[in-house]
Amino acid sequence: MASTTPTQIDTAPPVAKSGRSTGRAGDKIFAGLSKGSGILLLVIMASIAAFLTYRATIALSKNEGNFLTTFDWNASANPPVFGIAVLLFGTVVSSIIAMAIAVPIAVGIALFISHYAPRKLAAPLAYVVDLLAAVPSIIYGIWGALFLVPQLNGLNLWLDEYLGWTYVFEKTQVGVARSLFTVGILLAIMILPIVTSVSREVFLQVPRMNEEAALALGATRWEVIRMSVLPFGRSGVISASMLGLGRALGETMAVATVLSPSFLISGHILNPGGGTFAQNIAAKFDEANEFGRDALIASGLVLFLLTLLVNGAARLIIARRKDFSGANA
Amino acid sequence: MSHAIQDQRPTRARKSAAPASLTRGGLPRWAPAGIAVLAIALGCGLGLALDLSSKVQWGLIAGLLFIGITYTASAVVENRRQAKDRVATSLVWVCFVLAVIPLLSLMWTTISRGLELLSGNFLSHSMNGVTSFDEGGGVYHALLGTIEQVALATLIAAPIGLLTAVYLVEYGKGRLARSVTFFVDVMTGIPSIVAGLFILTTWNLMLGFGPSGFAGAMALSILMMPVVVRSTEEMLKLVPNELREAALALGVPKWRVILKVVLPTAIGGISTGVMLAVARIAGETAPIMLLVFGTQLINGNPFEGAQSSLPLYIWEQYKVGSEPSYDRAWAAALVLIAFVMILNLVARGIARWKAPKTGR
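Chains as they are written, first to last, in UniProt numbering: chain A, 1 to 329; chain B, 1 to 360.
Treat the hints with care, as some may be off.
Computed footprint of chain B on chain A, listed as stretches where at least three residues anywhere in the stretch have a Cβ under 8 Å from a Cβ of chain B [said to hold, decoys possible]:
| # | region |
| --- | --- |
| 1 | 48 to 54 |
| 2 | 68 to 75 |
| 3 | 221 to 227 |
| 4 | 301 to 311 |
Okay, derived cross-link-like pairs now, DSS-like style, lysine-lysine, Cα gap no bigger than 25 Å in a straight line [said to hold, decoys possible]:
| # | chain 1 | residue 1 | chain 2 | residue 2 |
| --- | --- | --- | --- | --- |
| 5 | A | 35 | B | 84 |
| 6 | B | 173 | B | 84 |
| 7 | B | 237 | A | 28 |
No lab work stands behind these hints, which were simulated from the structure alone.
Computed from a prediction, not measured in an experiment: that's the story for all the values here.
Where a beta carbon is used, it is the ideal one built from N, C-alpha and C, also for glycine.
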């Protein structure tokens, strides 16, 4: 209370005839509002972490199994037994498959758009790739389940026949291709656009002089790319891949439609089965009682922390390079 | 004739521009096309000869043959470096084709399967009284739900996002602004289901509200805010500083400068950003599934009782797993994709039409 009087005196400069016309009050309100919404965003992030942690601790305190190593999810049973081992394995494996497929192809597309495509085609092509990003995930999901899965049966048999000796590609269970491998392929298609567009931005910012110098020395186009474009764009590609990884980790509907879940860890990625955090939440939510929901929230917290870590790291890499290159990825 | 592209393609330019006697011999310009025809012919021939059933295998054989023949021919006639260059070029083209195939397939499947059922009747009726295995029914209740939830989410997220961007560009300095920027970026990557779980914990479990369209809208707004902040921020940075300085020099208070000069200058880009964000959240399923619950009936009130939405409708119909429900799922998918694509096209149209002329 006491402090209001002095500030009013402070803000009204002696020259001004009336305090209203200077608009100082409006300035304060507006600055406060915009600062407030900035702070609100931070508060939302903090409270997501806080509330999820709070409910998760309720669930964890009553868990009869080991949260990290139990291969089961019976949160609604009495006593509740659940663990994230299978979910963590499935999430990481499907994301790794997605990255292994998507990153090389995305770099190829980015190079195609930035260095190979005819000039007139480049802009529309970039636009088409951006449109891929706008397709909702549920549509990828039903396309994956109703179209892609039948198409992949042949590929699975082929992989099993010729690469079965690698253990990873051995298919020990018969059944349709509702496996982590198929999920990985679908996720790869879904993260292609983001990885492509960030990589493309970086490739376009390679100093023209570097490329021209290489060309002047008689380098072929591939040598130009290998010697000047890829080294320059490396950290951009890394952070683009991590943004894609963040997407792949948290994808719900595409996984939920394609995968036929089970609570087993198997190195045979062609076998149907496995699960991911987001898919498990979507699948178990309907039948969960109140305690079961808390358990699902606990697994959601792990997913949140995982994506926070990956995205934070990606952003830090981008921010570090922004300082010296002006890349606005 | 070939002069026009010489500056674009240095390797070829060297070959065709220099007198033939000075060059070490190169493959003719039609070589890639010729090798492609040869490889396809050989691929088909081998496929027929070995009796391979799958056309994909034919294509793979032809592709591998193409790369092999190109490499050998170029290595023999030109040199190893040129050969590598040609292989890299074909690999990059392959990457591009690989990316286009799923997009075309997805579009084709959705449009061809969706058009089977799409009609005025489908758009104007709900699923009331239609059991899952019946034909008929429609998507009206879901469309209504989607529009209401997305509108509510935009009402919450757009002002907050806009003000945050204004703060970051016009006021923000120091630690707070840097951490806001960082966390906005990180927030872009929050999985949608986590946003749903957050609203579930606070709104439904702690405050005890039931499922409603509004709860879903709040989760959607969490997903929408960072996107709005990012795009608005980029647009505000494009507004020339001279405009601000001129207005300030005339004695206009800062908040009026922002409201009357900065924001109107960038309004085209800002509305584009908001519409792209709307397009993104319109397709979100996971938070809606947790918070809005889904219903077969028309519920026009987003604040009371379960609603439906297009993505959720597709998911429900997919889960039923009968032929008529698959048809409904595809038709709804077509409606959703049309909704999202129209938003995208309009947004990009506005961006082009209203772009600030700063010579980017």
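Tested hints:
1. 48 to 54: holds (count 4)
2. 68 to 75: Three-residue rule not met by the region 68 to 75 of chain A, so violated; n is 0.
3. 221 to 227: With 4 residues close enough to chain B, the hint holds.
4. 301 to 311: Since 6 is at least three, the answer is holds.
5. A:35 / B:84: violated (55 Å)
6. B:173 / B:84: Violated, because 50 Å separates the two Cα atoms, which is more than 25 Å.
7. B:237 / A:28: holds (22 Å)
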